[in-house]
Amino acid sequence: MNILEMNHINKKFDKLEVIKDISLSVSEGEILSIIGPSGSGKSTILRCATMLETINGGEIKYLDKQAVRTDDNGNVVYAKGDKMKNIKSNFGLVFQNFNLFPHYSVLKNIMDAPLTVQKRDKKEVYETAKDLLEKMGLSDKADYYPCQLSGGQQQRVSIARALAMKPKILFFDEPTSALDPELTLEILKVIRGLAEEHMTMVIVTHEMNFAREVSSRIIFMEKGVIVEETTPEKMFNSDNQRTREFLGRYSQL
Amino acid sequence: MSFQMMLMQLAGGMVKSISIFAWTLIFSLPLGLIVSFGRMSSNKLLGGVVKFYISVMRGTPLMLQLLVVYFGPYYLFKMHIGGAYRFIAIILGFSVNYAAYFAEIFRSGIESMPKGQYEAAQILGYSKNQTFFKIILPQVVKRILPAITNEVITLVKDTSLAFSLAYLEMFSITKQIAAKETTFVPFIVAGLFYYIFNFVVAMVMENLENRMKYYK
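Here the protein sequences come in this chain order: B and H.
Here the first sequence is numbered in my numbering, starting from 4 and rising by one per residue.
Here the second sequence is numbered in my numbering, starting from -5 and rising by one per residue.
To be clear, the hints were calculated from the coordinates, so they are not data collected in a lab.
The reader is advised that the hints may include incorrect statements.
[To be verified] Subject to a maximum C-alpha distance of 30 Å in a straight line, what follows is the list of computed DSS-like cross-link-like pairs (lysine-lysine):
1) H:128 to B:122
2) H:128 to B:144
3) H:210 to B:133
4) B:111 to H:38
If we strip away everything but chain H, and leave its shape as in the complex, we get:
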């Protein structure tokens, strides 16, 4: 196989890795916010259930969770798996896992907000929703951005776990080529690709942080 050919194949895998990354963020960030509300709920039952969910998500390997999400429906309901469900299972597994981490980050940010911000908003007559979305959330985002960046960078690398469901993202393709051609080169190229991907991600996140530097 020519080097160019290999690059093409890896780039194709990269597109799929990026798609896992993007879809996971799209679902897990809002989900994480909702989960953080549940975690902070005054309803003890809801709070307890959410706490348990977070602890399972953080306490077991993501790869195992992916396998459960993918094969679970087959063993439990004899559902036909494979085809489109493979990708759905990957996004579902990643989103549910990352939402747990994001939820804890959101919670730490929301709980770090001074009470005075809520009180000022209340006195000025803002509704609960207005207070949260106009006053609290923007400040929370600024506070938690460095922690979010950490998670997002981890996610880039975690997309390689999709290989466990035989999904042909970049890491799976790398392994295939390496085995078939008995060469080490694809690993180096894949490493470079991941690194560049994360370099861009880090740049974007830094840019976001800088944009919020106008206030303290």
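This is chain B alone, in the form it adopts within the complex:
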């Protein structure tokens, strides 16, 4: 069963069509990377999948449960209340600029949502948080505040915060774009670790080599459409003129 299924998604900002009839799906354990130039709509499709943006047409399903559909009259209908809450609990999102809660300590950033939103047992959540911090190499930072951490550390906290919710799929929206090369490696290492545990992930990234190495599938997007969708090997040996051009520019860097 597909964890995520997006069918015929359309998204407009005013009159500008940024997503044009895009369909994609992600099955369990799969790692999908989305690459493409700035303004191609790759972040927008992620924001649509996570309901941060309202779509103008199409259907989104998580584990076969419909989160959004478009009825016969073309009206977009989102699931409501507990049903939506349930669907949303399937995914987590790691932002480009972390968006940690600055007034909460590292530990509270990780523990608060599982406690307040999921109403889980405090002791269990504490153990989970401790384990995650250890995994992220941040065991000694539990009582720090985000402003006392480096960008790479903050991003690792935000990954831990997302994982603490036990999502079935984790989205990354350019997780290393705000970081210098050294800190970027730090984060890529963490994501690689998650890949080894077969975490289902969708990663929007500009790190081509990383995408090539870690993904099971890559989507190349431009101007709101999918130009090519294939395995990393095929993508990097593509015959498609545009794909070659884009990837060629990167290898020149």
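Given the coordinates of chain B, work out where chain H should sit on it, guided by the hints.
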């Protein structure tokens, strides 16, 4: 009148000034938050009405507003005024006026919050209320505290406007004694009292600010 006697009377007035100050804060701060919601409402009518209310409150003298609140019911409904209503009118007038100022401060703070905080909370499944009270408001309070301090200090001095409704707070008493005893001393003492009051207020506010310095 002995100096001690005068001090006693002024101190008595001071207690009343403090009571105006305290009650006004208790009512105007929450009211200001509610008004700021109205001001930011997507409902154009509500937003417009609130904007007009704020503009009137800020655009006319507080003393005039106090007179309207106090004498208005008499002229409009022939309601009996005086007695307990005097103090009620003062608190009502002050609260409604200060709420307008606080509302604009709250609005500036809320609107300065980065969108990412809302989005992170939304992704983690916080409800709208949880997002506002757990994530947004604490950060807003930190941001607006210096502006709030300004208003609170102004309020201490503004309590003297209650003299216009013949309420015997410190300023009214000061004027009475000065007129009766033909002396300048009560003004100096009252000034000192106001200054000490504000000194304490400023200290408390600074303390609050320091308590929130643990994060940026």
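Okay, the hints, checked on the actual structure:
1. H:128 to B:122: holds, 15 Å
2. H:128 to B:144: Since the Cα atoms of residue 128 of chain H and residue 144 of chain B sit roughly 22 Å apart, the hinted pair holds (cutoff 30 Å).
3. H:210 to B:133: Distance ~24 Å between residue 210 of chain H and residue 133 of chain B Cα, so the pair holds.
4. B:111 to H:38: Measuring from Cα to Cα gives roughly 38 Å; hence the hint is violated.
Hint 4 alone, counting from the list given before, is not met by this structure.
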